[in-house]
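K.L.:
Sequence:
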Amino acid sequence: MEQARLSELLRQVADGSVSVEDAEVQLKMQPFEDLGFAKLDHHRRLRQGAAEVIYGAGKTPEQILKIAQTFRERGQECVLITRMSREAADTVEAHLPLEYDALSKVGIVGKMPAPDTKGQIVIATGGTSDIPVAEEAALTAEALGNRVLRLYDVGVAGIHRMLAHADELMRAKVIVAIAGMEGALASVIGGLVDCPVIAVPTSVGYGASFGGVSALLSMLNSCASGVSVVNIDNGFGAGYLASMINHIHD
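Numbering-wise (the numbering used here), the sequence shown opens with residue 3 and increments by one.
Any given hint might turn out to be false.
Computed spacing ranges between beta-carbons, pair by pair [stated by the list, open to error]:
1. E95 - S9: 46 to 54 Å
2. G228 - S21: 33 to 41 Å
3. M246 - S131: 26 to 34 Å
4. G18 - R88: 52 to 60 Å
5. S131 - V27: 29 to 37 Å
6. E35 - D196: 42 to 50 Å
7. D36 - I161: 51 to 59 Å
8. V27 - F212: 42 to 50 Å
9. A159 - L219: 33 to 41 Å
10. F212 - V22: 26 to 34 Å
11. E23 - R46: 28 to 36 Å
Just so you know, the hints here were simulated from the structure itself, not pulled from any lab data. For clarity, every value in this text was computed on a predicted model and none was experimentally measured. No residue lacks a Cβ here, since even glycine has one placed at the ideal position from N, Cα and C.
Please model the entire structure based on the sequences and the hints provided.
P.N.:
Following this line, the structure appears as structure tokens:
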């Protein structure tokens, strides 16, 4: 927001010609910052409760660096970057404090925030091959201020592995169930717990899994109540939605 316009709005609030509520609405609707190749939404945290996230795929390392630098200069302490290449990570790391997870291709610029809600998100995978997607979900949720419990390789091929964690599943406020192949994990968990289950189909599987379409259709057709589905390999979307659910009552 331009400094002159911000000063004028604050004066109007002070003299009573604009209410606090109306001023808040105006602040939420202020324009973006135009870098030429990107338009940065600095008011997203105010408007939606979470700051803008950088989607790294398709962006050059230099573009990612400039966007991250600008967010940091505007006071964003934790900048989340998804689908980030090793090359981009090397470029950003030379200029900014970066934690990079090569498995999930997630980068965190700055300091990971402490959890700001009591509820816990459980991230469960059918197999070890689903962990890259799971870590994208887990790191996204942690960057948004959540406590996360990881339960990996607890799929239905050995269902006793999941049942051994029944207590942790029952205590969760929201569960992200990540699986490829036939995608049965979400339905099994959904039939056991009383919290929302976010299903994430992955592209893990043999030819007839059709790159995750088979798991996607299985999850969409789940007979368990309370199961919702995000797109194939969309760990970020699941982690973000889980955070929104986990923060509702807080």
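K.L.:
Confirm or reject each hint.
P.N.:
Okay, the hints, checked on the actual structure:
no. : hint                    : in the structure
1   : E95 - S9: 46 to 54 Å    : violated, 38 Å
2   : G228 - S21: 33 to 41 Å  : holds, 40 Å
3   : M246 - S131: 26 to 34 Å : holds, 27 Å
4   : G18 - R88: 52 to 60 Å   : holds, 55 Å
5   : S131 - V27: 29 to 37 Å  : violated, 47 Å
6   : E35 - D196: 42 to 50 Å  : holds, 43 Å
7   : D36 - I161: 51 to 59 Å  : holds, 53 Å
8   : V27 - F212: 42 to 50 Å  : holds, 46 Å
9   : A159 - L219: 33 to 41 Å : violated, 19 Å
10  : F212 - V22: 26 to 34 Å  : violated, 53 Å
11  : E23 - R46: 28 to 36 Å   : violated, 20 Å
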